[in-house]
Amino acid sequence: MIGHRIVFAALTAALAAPLAHAHETWLVPSSTVLSSTGYVTVDAAVSNQVFHFNHRPLQVGDGLTIHAPDGRTLQPENLVQGALRSVFDLKLDAAGSYRIAVANAAVMASWKENGQPKRIRGTAAEIAEKVPPGAADLVLREVATRIETFVTVGSPTELKPVGEGLEMVPVTHPNDLYAGEEVSFAFHANGQAAKQLKVAIVEGGTRYRDRLDKVELLTDEQGRIRHVFARPGLYYLNAVMTGKSPTNPDMERRLSYTATLEVLPQ
Amino acid sequence: MHKTVLFALGLLAATPARAAGMEIDIELPRIEVADYRRPYVAVWVERPDNSVAANLAVWYDLKMRNGEGTQWLKDIRQWWRRAGRDLQVPVDGLTSATRPPGLHRLGFTAGAAPLGELAAGSYRLVVEAVREHGGREVLTLPFDWPPREAAVREAGGERELGKVALHLKP
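Keeping their order, the protein sequence lines are chains G and W. First residue of the first sequence? That's 1 in my numbering, and the numbers climb one at a time after it. First residue of the second sequence? That's 1 in my numbering, and the numbers climb one at a time after it.
Keep in mind that the hints are not guaranteed to be accurate.
As the list claims (entries may be wrong) - Label pairs and their in silico Cβ distance ranges:
id : chain 1 : residue 1 : chain 2 : residue 2 : range
1  : G       : Gly71     : W       : Pro142    : 43 to 49 Å
2  : G       : Arg119    : W       : Met64     : 55 to 61 Å
3  : W       : Ile31     : G       : Glu77     : 44 to 50 Å
4  : G       : Lys198    : W       : Asp35     : 46 to 52 Å
5  : G       : Arg226    : W       : Val33     : 39 to 45 Å
The set of hints was computed from the structure by calculation and includes no laboratory data. Glycine included, every Cβ here is placed at the ideal spot set by N, Cα and C.
From just these sequences and the hints, can you work out the full model?
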C-alpha cells in the first residue's frame, strides 16, 4: 500500500513536472521566407538547449498539421524520426503563409477504486465515458500544447486563429520580423485574450554564450506583447498558462505554446 | 494662327528633353575569390517612411532553367521586403541580367518608367547588392526632389559595392 502510494505520488509528480525542468520543444524550418515555391525541410526536437539536438526527437505523429495559405492541409514528405530529431520535408506549392504546427491535447484522470489508484489518459469525451460516476479522490488534469513555426512564399498572408488551446495571434506577421523594429503578438486561450500571461523569448545559439538572456514579457488587457528584437537570428518563444479549467472547476489545466521565429537583418 | 499652334507644339516636343532625371553609377568591385558569382542588385527610391516611390532596377540571374534565379531574389533582403515580394518578375524595363564587375551607369527620366513622377519631397536612393557565397551591402543616398540644380551624391561601399553616385539633373 505504501509502495503504491509512493508510485502514485511519483506518477502525479511526473505528470505535473513535464516542463517544469524546461525541455525546449521546437520546429525549425530550413527557410522562413522564400521567393518561389519549392521545398523546405523541418527539424523537430526536444532539447535542453535552444535549437541544439541534444535530447530526443519531437514525436510529430498525429499532432502535426500544416496549413496552406488557401486553407488546405498539406502532408509532410520523407518523415523520419531519428535518435535526436524528427525531420520532414514540405512542398510549398502556392504563394502565401504556411502554419506548421504540432498540437496535442489530452485529459488525464486519476482516482481510487476499492483503494487502488487508477489512471487514464484520453480525450475529454473518452475520460467522461471511462471514469465511473462518483469516483473517489478524482483528479482531472487537462494538458494542451502547441508548437509552431511559419513559412511564407512571396508576400505574407493572414494566419487565421485556431481558437483552441493557447496560441499566438499575429499582430505583426511572424514572417515579417526585422531587427530593431517593434513587433506585437497577441495570445489567446481558447479564443479569448490571455491577459497577464508571461511570455518568454530566447535567442538561439545559447550554447555559444554564457548567459541565457531570456526576455520575459507580460501580456496586456488585449493579451498583447510588444517587443523589439535587438539582433537578427532564430528565436524561441514560449508561454505557459496554468490554473483551473474555466469549463470545469474540478479540472486543472495547463496550456503551453511555443513558436520558432526568424528575425532578419534590416 | 497656324504659326502659334506650331510654336505651341514645338514647346510640347521640347518638354521631355528638359524633364528632370537622374543618372546612377554603380561600381561592382572585382572580388578575388575562386567561386565568384555576379551579385544580385536592386536599386530603388524610397520615402522617409520606407515605402517605395520607384523601383529602378533589379539584376538577377535570368538564364537559369525554369526561372530558378527567382528563388534567390529573397536574398536581396531589404528590397525583397520593400518591393520584391509583391512583384511578378520579370518586369519589362526593371529586371535584367546580372552584370560583371566594373562601372555601370543607369539613366532615368522623370515621367518615364520606371522612375515616373515623384512628388516633391525628401527621398533616399537605395542600392543593395548580395552575392552567392559572398556578402551583402546596402548603400543609401538621401536627396530632395525635384532637384533645383545639378548635384551629385556619393557613397562608397566596403565589400560588395564600390563607388555609388547619384547625379541629379534639374
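Okay, the hints, checked on the actual structure:
1. A C-beta distance of roughly 44 Å is found between Gly71/G and Pro142/W, which places it inside the suggested range of 43 to 49 Å.
2. The hinted window of 55 to 61 Å between Arg119/G and Met64/W holds, with their beta carbons roughly 59 Å apart.
3. Look at Ile31/W against Glu77/G: about 38 Å separates their beta carbons, and that is not inside 44 to 50 Å.
4. In this structure the supplied range 46 to 52 Å holds for Lys198/G paired with Asp35/W, their Cβ-Cβ distance being about 48 Å.
5. Arg226/G and Val33/W have their C-beta atoms about 42 Å apart, which keeps the hinted 39 to 45 Å range intact.
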